[in-house]
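Protein chains: 2
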Amino acid sequence: MMAKQVQQDQLYIGIDGGGTKCRATIYSLEHGVLGTGLGGPANPLHGLERTLESIMVSTQLALQDAGLHVEQVHSLNAGLGLAGVNLPALYDKIMQWDHPFQQMFLTTDLHTACIGAHEGEDGAVIITGTGSCGFSLVNGKTVNFGGHGFAQGDMGSGAWMGLEAVKVALLDLDGLGQPTLLSNLLLQHFNTENAMGIAEQMAGQPSSGYAKLARFVFSAAEQGDALALAIVKQGAEYISRLAQRLLDSGPPRLSMIGGLAEPLSKWLAPEIAEKVELPKQPPEMGAIYFAINSVEQQLNKVK
Amino acid sequence: MMAKQVQQDQLYIGIDGGGTKCRATIYSLEHGVLGTGLGGPANPLHGLERTLESIMVSTQLALQDAGLHVEQVHSLNAGLGLAGVNLPALYDKIMQWDHPFQQMFLTTDLHTACIGAHEGEDGAVIITGTGSCGFSLVNGKTVNFGGHGFAQGDMGSGAWMGLEAVKVALLDLDGLGQPTLLSNLLLQHFNTENAMGIAEQMAGQPSSGYAKLARFVFSAAEQGDALALAIVKQGAEYISRLAQRLLDSGPPRLSMIGGLAEPLSKWLAPEIAEKVELPKQPPEMGAIYFAINSVEQQLNKVK
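Going down the list, the sequences are from chains Y and S.
The opening residue of the first sequence carries number 1 in UniProt numbering; numbering runs sequentially from there.
The opening residue of the second sequence carries number 1 in UniProt numbering; numbering runs sequentially from there.
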């Protein structure tokens, strides 16, 4: 087992890029997690420069946290999970980056989230945060559903819920829809008195701006508001269908991650809810497993 | 009638700004329409510079068409109907423009559309093109509904229909929705083989990009597709409710204008459809009536 010996001298860094933050964790096979760092937004679909900057900030903070010298970045084997790199053009752009690591292994944020959730074993994940999507990895085969972006896809996500809330509130306030508690909740939130005041403040907002409103939908649904209940149920039904499609691929485990995983869980179809298990490790650990596996594969090839 | 005599020496220009083009018409009280001109996009919400440029292009072309000298722009009394100038900040910005006209009178595109549709008399209009909204002017009082913008408002509009079409097609192609003819229509249109190919091409598209897809919804609905029918009916029901709210304000006439007015008309509630009358004049004529009225009011004040 030559490979194992070589790896034991190696340091790894796992990086999970997201729309609002970037998490990095430094790991050694011998001593486990050595340090972590947090950077800004790192979704290359929203800006490549910013993404690379956030990766470097989180990396430097993780080195510091681990008590390592800044120059030791050159000895790290990096695993990166980033949105959008399923597109070959974006994958190539990031691989062309003059990065400071010893080696860099790149895959999608879905892939690293899945590897992390199941500690490197096969499994499936549903991500429901600002957006929503599903991914499974079984016997080397991956499938994914959803994740088509705001406003045309990502049902059951925070952004989708927020948009649906604004829609029914505006209809209600115009006297063109059914009454809903959401109208008053949104008027208060936006500190305005009419539909136009809400519409103006939401105009041109990105998906994250709508996702912030999802909590009002859960809150109104808890109070029995019919339209809020309909939104929550429609979202949960979609996520249940997404889960069933993933289960059809035969994953040993299924996890849900993201800000809406917990509030949505009790609205899922019972046969789905009982199959959802907690993720074992976070996505940045998945990125570390991905880097370790990639190095091992290289060594096996060399042998 | 001093006022009338003064006006007879006057030339007017009516300008209707829109998201895709700007129309200008030059008019004299004695000889009627003298010439017309067509410019580019003139929606100040999407860019003030571009709007003013389009206004000038359409004005110069109208002067040319009327056989007038370019310098005669200084003798024109201009009526402008533009989107978004219900917002005081935008109204003020445009009024501060160092315009070349003798005088400039500014109001919303809804107002001039309504004045035009009813030849200066009271009435109501529904606009269903890329967006949708309703406006009425009765005894000096105006009301308006909808028009809250894509993707949160503007139900029954072309952009709303296009977005709903993309949503159901993506769900169908992911195996997470009901089958619909729209899937194949959109796959063909985007020359792609899967959901991601549609999602990528629509990502970040403005409302006009979605509005271009509305024709597929009507086409699939004509062929009896259940999901397309549901979209068309939901849109038409909303427009019917909007019409009823406008009729509640007591307008003598109701007109529908915009690219979807004709295809939607047969789906409206019968009691609404029978009340919809053709617009008598286009919005740019409404802008001329608005300018004439504004000049008359000035002269009455002077007297």
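To be clear, the hints were calculated from the coordinates, so they are not data collected in a lab.
Hints are supplied without guarantee of correctness; some may be wrong.
[Claimed, not checked] To give an idea of the interface, some chain S residues facing chain Y are shown, with a C-beta separation under 7 Å as derived from the structure:
1. A89
2. D92
3. K93
4. H148
5. G149
6. G153
7. P206
[To be verified] List of simulated lysine to aspartate or glutamate pairs, DMTMM-like, C-alpha gap at most 25 Å:
8. S:K233 to Y:E271
9. Y:K141 to S:E200
10. Y:K167 to S:E193
11. S:K167 to Y:E193
12. Y:K167 to S:D172
13. S:K141 to Y:E200
14. Y:K21 to S:D248
15. Y:K167 to S:D248
16. Y:K233 to S:D172
17. S:K233 to Y:E237
18. Y:K93 to Y:E30
19. S:K167 to Y:E237
20. S:K141 to Y:D248
21. Y:K212 to Y:E222
22. Y:K93 to S:E200
23. S:K167 to Y:E49
24. Y:K233 to S:D248
25. Y:K141 to S:E237
26. Y:K141 to S:D248
27. S:K275 to S:D248
28. Y:K93 to Y:D122
29. S:K141 to Y:E237
[What the hints assert, rightly or not] Going by beta-carbon spacing under 8 Å, a handful of chain S positions derived as facing chain Y:
30. G140
31. V143
32. F145
33. G146
34. A151
35. L163
36. K167
37. F190
38. A195
39. G197
40. E237
Backbone N, C-alpha and C define an ideal beta-carbon position, used for all residues, glycine too.
For each hint, the structure was consulted:
1. A89: violated (11 Å)
2. D92: Check failed: Cβ of D92 of chain S comes no nearer than 16 Å to chain Y, outside 7 Å.
3. K93: Cβ of K93 of chain S sits 16 Å from chain Y, so the hint is violated.
4. H148: holds (4 Å)
5. G149: holds (5 Å)
6. G153: holds (5 Å)
7. P206: violated (11 Å)
8. S:K233 to Y:E271: At roughly 34 Å apart (the allowed maximum being 25 Å), E271 of chain Y and K233 of chain S break the hint.
9. Y:K141 to S:E200: It holds: about 23 Å lies between the C-alpha atoms, which stays within 25 Å.
10. Y:K167 to S:E193: violated (32 Å)
11. S:K167 to Y:E193: violated (32 Å)
12. Y:K167 to S:D172: holds (23 Å)
13. S:K141 to Y:E200: This hinted pair holds, its Cα atoms lying about 23 Å apart.
14. Y:K21 to S:D248: violated (51 Å)
15. Y:K167 to S:D248: holds (23 Å)
16. Y:K233 to S:D172: Judged against 25 Å, a Cα distance of about 19 Å means the pair holds.
17. S:K233 to Y:E237: The given pair, whose Cα atoms are some 24 Å apart, holds under the 25 Å limit.
18. Y:K93 to Y:E30: The hint is violated at about 33 Å.
19. S:K167 to Y:E237: With Cα atoms ~16 Å apart, K167 of chain S and E237 of chain Y stay inside 25 Å; holds.
20. S:K141 to Y:D248: Violated. K141 of chain S to D248 of chain Y sits at ~60 Å, over the 25 Å cutoff.
21. Y:K212 to Y:E222: Roughly 17 Å between the alpha carbons, so the hint for K212 of chain Y and E222 of chain Y holds.
22. Y:K93 to S:E200: holds (18 Å)
23. S:K167 to Y:E49: This hinted pair is violated, its Cα atoms lying about 31 Å apart.
24. Y:K233 to S:D248: violated (35 Å)
25. Y:K141 to S:E237: With Cα atoms ~46 Å apart, K141 of chain Y and E237 of chain S exceed 25 Å; violated.
26. Y:K141 to S:D248: Answer violated: K141 of chain Y to D248 of chain S is near 60 Å, above 25 Å.
27. S:K275 to S:D248: Holds - the C-alpha atoms of D248 of chain S and K275 of chain S are around 13 Å apart, at most 25 Å.
28. Y:K93 to Y:D122: It is violated: about 29 Å lies between the C-alpha atoms, which goes past 25 Å.
29. S:K141 to Y:E237: violated (46 Å)
30. G140: G140 of chain S check fails; min Cβ-Cβ to chain Y is 21 Å, beyond 8 Å.
31. V143: violated (10 Å)
32. F145: holds (5 Å)
33. G146: holds (6 Å)
34. A151: This interface hint holds because 4 Å falls under the 8 Å limit.
35. L163: holds (6 Å)
36. K167: holds (6 Å)
37. F190: Check failed: Cβ of F190 of chain S comes no nearer than 12 Å to chain Y, outside 8 Å.
38. A195: Constraint on A195 of chain S satisfied, holds at 6 Å.
39. G197: With Cβ-Cβ at 11 Å, over 8 Å, it is violated.
40. E237: violated (10 Å)
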